[in-house]
Structure formats: structure tokens, C-alpha cells
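> Residues per chain, in single letters:
Protein chains: 2
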Amino acid sequence: MSAQTPWTEPEFVEQLRAKGARYHIHHPFQVLMNEGKLDRKQIQGWVANRFYYQIMIPIKDANVLANCPDREVRRKWIQRIVDHDGTQGDEGGIEAWIRLGEAVGLRREEIVSLEHVLPGVRFAVDAYVNFARRAPWQEAVCSSLTELFAPAIHRARLEGWPRHYPWIKPEGFEYFTSRLTQAPRDVEHGLRVTLDYFRTREQQERALQILQFKLDLLWSMVDAMQIAYLPMKVLQE
Amino acid sequence: MSAQTPWTEPEFVEQLRAKGARYHIHHPFQVLMNEGKLDRKQIQGWVANRFYYQIMIPIKDANVLANCPDREVRRKWIQRIVDHDGTQGDEGGIEAWIRLGEAVGLRREEIVSLEHVLPGVRFAVDAYVNFARRAPWQEAVCSSLTELFAPAIHRARLEGWPRHYPWIKPEGFEYFTSRLTQAPRDVEHGLRVTLDYFRTREQQERALQILQFKLDLLWSMVDAMQIAYLPMKVLQE
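Top to bottom, those sequences are chains A and B. Here the working numbering is used: the first residue of the first sequence is 1, the next is one more, and so on. Here the working numbering is used: the first residue of the second sequence is 1, the next is one more, and so on.
Extracted from the complex, chain A is given alone in its bound form:
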């Protein structure tokens, strides 16, 4: 088997972007959600479960820092931790997500207690943190590139939810708004690291596998919510 020519940067970026076809925006549960077809309990379930992802993101990013000997990268990457944790009081993405939780009718305590978090959601999110803990830091950076697809999902929510779910208090949408500016800045950095590190065709294909792993875990989270929150009938007896 002869070595294949590496993709050019634009070709490689196109390959990475093409993975958007497997983004969880296309999961049946998210499709129902974005079409306004979920009820209050189901929306609450999604928000409460997704909170576990939100709180583990700074831990994931701290693992990237912990494995990264390059100060210039750390100087940029640390911003992600600050964006999520804030520096005081009600700053940061985690607090914004709690406000989303309250806006959909959850109490703060039942959000932060993680009492609604499903085992399958926990296993998928923990797989992300463990990957960042054990993989080379450039691979962990690459796994963050689902941010390429995030603005579309946030925009769809900002556009559709106020119409579909008028009972959600508007201050709940602040998280999505803030990510619209943060995600493109983050993805530019993550993409630069990825393009510089994955050079040979074999490495580039490894990058696509890593991105697929991340897509799989986001999808798996919503699978767990579908089983727990959607009425389904097994058509086999």
C-alpha cells in the first residue's frame, strides 16, 4: 500500500467540515427539539443532562493545558476555561447554562446536584475528558473541532425556540448568544493547531477519526436522552 498524498489545507478543512453531516443537530431527538415538538419535561431533561457536558468542559480543557508544553498555546487555550468558569459571581458559561435551566423551570439545586444526569450521558462526557487526559494535546485540540458546527445549532435555537417554546424565559438564551461569538474564535485556534500537527495523509485521516469520536459522543448523549425521555415502542415480539 503506497503512501497517499496529503490533502492540501483547503481540502483537509473541507474533509473536516464534511463531518458536519454526522453532527447531533441531525439526531431524531434534537430534530424534534428544534421543530418545537418536545414538551416541558423533555426540554428540562435535555438542559439538565447537557449541564454535565458544560461542567466537564473546563476539566477537559485543563487536561489539554496539563499535557501541553507550548506556552503560546496555553496562553490562548486558558481562555476557554475562563469563558466557562468566569472569574467571579455569575460570570461564565456554566452560570449561563444554569440560567437556561432556571428559564426552562428547573431549580438551581436540581441542576447542580446532577440528579437528572443519565448514566449514558455521563459515560459519553467522561470519554471526552479521559481522551483529553490521555491523548497528545494536539489530538485533544482536534477533538474540539465540533465547534465548526456549533454556531449553526445555536443560531437554530435562537431563531426557533422563542417561537416554539414561548414559556422559556428569554434570559435563558444568553448562553447560545455568547457562544455565537466565542465558538468561531475558538475554532480558528483549534483549526490552526490541527492543520499544523496532522500533516501526512495518514495523520489527516487520524484527525477525521478523532472528530468522529467526538461526534459519536455527542450523538450518544442524545441517544441516552431519547431512551429516557421519548415514548418509544419496540416493533419486535
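Misleading hints may appear alongside valid ones.
Put simply, identical chains are the same to the list, so a pair is met inside one copy or across any two.
Stated by the list, open to error - With a cut-off of at most 25 Å between alpha-carbon atoms, the simulated SDA-like pairs for lysine to any residue come out as follows:
hint: 1; residue 1: K169; residue 2: N63
hint: 2; residue 1: K41; residue 2: I55
hint: 3; residue 1: K41; residue 2: W219
hint: 4; residue 1: K169; residue 2: W219
hint: 5; residue 1: K233; residue 2: Q44
hint: 6; residue 1: K41; residue 2: Q236
hint: 7; residue 1: K41; residue 2: E115
hint: 8; residue 1: K19; residue 2: Q4
hint: 9; residue 1: K169; residue 2: R201
hint: 10; residue 1: K19; residue 2: V117
hint: 11; residue 1: K41; residue 2: H164
hint: 12; residue 1: K233; residue 2: R40
hint: 13; residue 1: K41; residue 2: M232
hint: 14; residue 1: K41; residue 2: H27
hint: 15; residue 1: K19; residue 2: W7
In short, the hints are calculated from the structure, not lab data.
Starting from the known structure of chain A, fit chain B onto it as the hints suggest.
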């Protein structure tokens, strides 16, 4: 809140055994399987996915060894690795599982390549390995106590499968037969460690949580198989 009286050993064992009500033998997919209602592809899917659990068990047990300073415990625990890996050729539980795979019509290569392993199964199994890697070794030992419930599931398969699935070659059942003698010996040791380590009521309740975590991950594995292999209809539009 005043500290509660610890359970006596028989009471604690009874509490642990009561967790059997949440064992994956009761999962809808496993119920269909043990009632003879799965087709060839679905049985193959289960065997191919469960193989990922089989190959990660020695890695899990090596993490227990790696965290355990007690030579007497290591002298016993190492037997689990040998049971799964064997010492040469076609010995050991992993090879026995491959023979089960071949007996249900899979090729060896498609079993060991892990090509059929679903992301949700991988995340759940990896959660087990990571728990053993990071928790105190006595907690990892405690998490193995689902072996309390395993003989029942193996016996049910040995009893029902030859009748329900006459197309499975009989040499496939050897894994289940061998576990009928290994599991009770293993559980005796794991139970002794657990009873000695978890002494206060708070610790005993922690042991129940650990066992629940293990039950959750076994259940979550089968959830992923249900979504992938069972025809299901979402009853919400």
C-alpha cells in the same frame, strides 16, 4: 444528621444482592434475547459488542493490580487476568468468546477488528476501565460484584439458547460454562475485600453506589445495542 449504625455483614450482603433487580438480565433487549426472539443479526451484534467488554476486563484488572499495594490481594486477583488472557494459544475467556462469535456466524477478523462495536458500548466499557484506573483499588474490586448476578444469566443462556437458537454451534457455549465455576470463586474474594473495606454505614452506602455505577454501565451497553439493532418507533410527532 446523626451517623447511622452500619449494617451487619449479612445485612450488607443482602443490600448488595438486592441490586440484582437492576441487573441487565432485565433489560428489554436481553429479555427478548433470552426468550429466543432475536434474529441472527441481532445475536451477532450483541456478541460482537460484548467482545469489547471481554477484551477490556484484563485491562481493568491490571489497573486494580497497578493500584494495589497488598501482595496477598494481587496473588489472588492476578488469576482473573490469566482466566481471560490464558497463557498460550486458544486458552482463556477472550478466545472462548471469539469461539462464541464464530459459533453465531461471525468471522474471527470482524470480531477482533471491533468493527461492529458501537460508540455507546465503548464509552460504557471505558468508564469501567477508567474507574479502575482512578479509584482506590478496593472500590474497583467492589465494582466487580455484579458477578454476584452473573451465574443466573449464564445459566439462563445455557438452558435457553440451545432450544431457541439451534443454529448456534454448541462449542460457542463454552464461555458461559467456564464462567459458572470462575464467577462464584471470584465473587467470594471480591465480596471479602468489600466487606472488610466498607465498614461504616456511609461507606457501605458508597459501595452500593459503586455497584449501581457498574449496573448502569452494563445497562447502558445494552441500551446502545437496542437503539442500533431493534426496530423502534418514536411515538411522538
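> Report the numbers of all earlier hints that the structure fails to satisfy, in ascending order.
Failing hints, ascending: 1, 4 and 9.
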